[in-house]
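Asks: Here's the letter readout for the chains.
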Amino acid sequence: MSILVFAEHDNSTLKADTLKTVAAAQAIGGDIHVLVAGSDCQSVAQEAAKINGVTKVIVADNAAYEHQLAENISLLVTELAGDYEHILATALTTGKNFMPRVAALLDVAQISDIIAVESADTFVRPIYAGNAIATVQSLDGKKVITVRSTGFDAVATDGSAEIVALDSATDAGISTHVKDELSVSERPDLGAASVVISGGRGMQNGDNFKLLEGIADKLGAAVGASRAAVDAGFVPNDMQVGQTGKIVAPDLYIAVGISGAIQHLAGMKDSKIIVAINKDAEAPIFQVADYGIVGDLFDVLPELEGKL
Amino acid sequence: MKVLVPIKRVIDYNVKVRVKADNSNVDLANVKMAINPFCEIAVEEAVRLKEAGTATEVITVSIGDKSCQEQLRTALALGADRAIQIETDENLDALNIAKLLKKIVEEEEPQLVILGKQSIDSDNNQTGQMLAALTGMPQGTFASEVKVEGDKVNVTREVDSGLQTVSLNLPAIVTTDLRLNEPRYAKLPNIMKAKRKPLVVMPAADFGIDLSPRSTLLKVTPPATRQAGIIVDSVDTLIEKLKNEAKVIS
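Listed in order, the protein sequences are those of chains A and B.
Heads up: the first sequence begins at 1 in the numbering used here, then just goes up one per residue.
Heads up: the second sequence begins at 1001 in the numbering used here, then just goes up one per residue.
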């Protein structure tokens, strides 16, 4: 029984979430192969070869895969699928985009966003914004699965798998990449940071996020936001934490000026310690917070930054 | 061009769902239901394309029992021209939904199919991509901007690292993200008018598709609950607690 894990990367570095998806593959059990599909992505293949428990890295290095367009990647993965009983990708925007396409091409269902593995065919996943947890048994011969990385601990990287190059390149010819507008930040990635500080509507404008950045710099934290703050245009979409944004589970999550709608809680309530700073003592965020400060964030934040 | 908008009836987004005592599923009895928020954004986008003269007709479709006609009427009140209900009492998984929708696509031949990126009940995020695979169409998922230009559509997508724009050959599939548009409220005259717009009912059983389930729901449990913590009276106390009690900062 073999498992194919799709590697998340940007053609130069492997995303740490892949180590957690491999952990899910180990929980299923079997021979684990990693697929690195991209362009000029040999350094990613080298990194992937070091993931513990991986026996083979398949590299599809071709211009057709540079931007990981779903139309092309899904054909590649479907071609490889014959050898595998499980196909796993991390439930980030790349995996969410192409994996259902793979499942439909293989005429199987997809199990999305698993947070635990019960057995080779039974998986646990949150539904209703995490307000219910479903245990689902797949009846399909092949299992196409996306993995929520916060549910698994990263595996170590002291292995040495063989690297196999794949020559075939498939361009479906129905879509092209136009441009990327990437947010540049020197802070840690939201999904990987051990501390996250997020702002909501209470921040009032984008400039005030500087108050969070000062604290983030002292704590080595990533900066996130609630949907309200993104919708209001304070900060870009890639900072959104929540049901349909990023799911984070850091050691420390500091929610500032965030009321705590269920959709936001869905993205952060598995954090180890939650701190809430809000002037409304009745805000639902206090019901999930370990420590709360009821007060004006414009007083609390500068004091916190000064004393850290 | 025709635009097809599949929509789903789901629990209202403000309602916090409860799990049934026997752990068989969530309890939806007497719970307020609504059009899935992402589907509402899809309807709005299609109607705007029509208002801009790009689209000629907006067709909405939903799969479910009679109750989903309520959401189809909502879509008609928002500006869709006609509606199709694919009638079934079964709770179908995304692959079977996509197979039914494929038949509608083949019959109606829309140039654009706009769907919500996910429904807020099952949180699957699958149907649009699966329909794209089955119809061989390109897909622009998690869209924050949709621009039809000639025989192509440019879709700006919300991705983990920021925004990505792709160009797709028409016909194409688009799935909506939150910031694509802000849906309008249906005005009373439009709600009245919607009652007279055509709504066709087609039994799912007549589609000739094997709709047997691909998975079994073994149980549904409530999530681990967090205990509410304490309110601290000062920033000093907070820092002390984080350092010495929680040990998450040094």
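Rather than coming from a laboratory, the hints here were simulated on the basis of the structure.
Hints may contain errors.
Short derived list, chain B residues pointing at chain A, Cβ under 10 Å [stated by the list, open to error]:
1) Val1015
2) Leu1163
3) Arg1179
4) Ala1204
5) Gln1227
6) Val1235
7) Asp1236
8) Val1248
C-beta: ideal position from N, C-alpha, C; glycine also.
Asks: Each hint: holds or not?
Replies: Each hint, compared with the structure:
1. Because the closest C-beta pair between Val1015 of chain B and chain A is about 9 Å apart, less than 10 Å, the hint holds.
2. Look at Leu1163 of chain B: its Cβ gets to within about 4 Å of chain A, closer than 10 Å, so that hint holds up.
3. Contact between Arg1179 of chain B and chain A, as hinted, is supported at the beta carbon level, the nearest pair being about 6 Å apart and thus within 10 Å.
4. For Ala1204 of chain B, the interface hint is violated, the least distance from its beta-carbon to any beta-carbon of chain A being 17 Å, above 10 Å.
5. At its closest, the beta carbon of Gln1227 of chain B sits 8 Å from a beta carbon of chain A; the interface hint therefore holds under the 10 Å criterion.
6. The beta carbon of Val1235 of chain B is positioned within 10 Å of a beta carbon in chain A (closest approach about 5 Å), and the interface hint is therefore held.
7. This hint holds: Asp1236 of chain B has a C-beta 7 Å from the nearest C-beta of chain A, less than the 10 Å allowed.
8. Checking Val1248 of chain B against chain A by beta carbon gives a least distance of about 4 Å; that is within 10 Å, so the hint holds.
The structure is inconsistent with hint 4 alone, although it conforms to all the rest.
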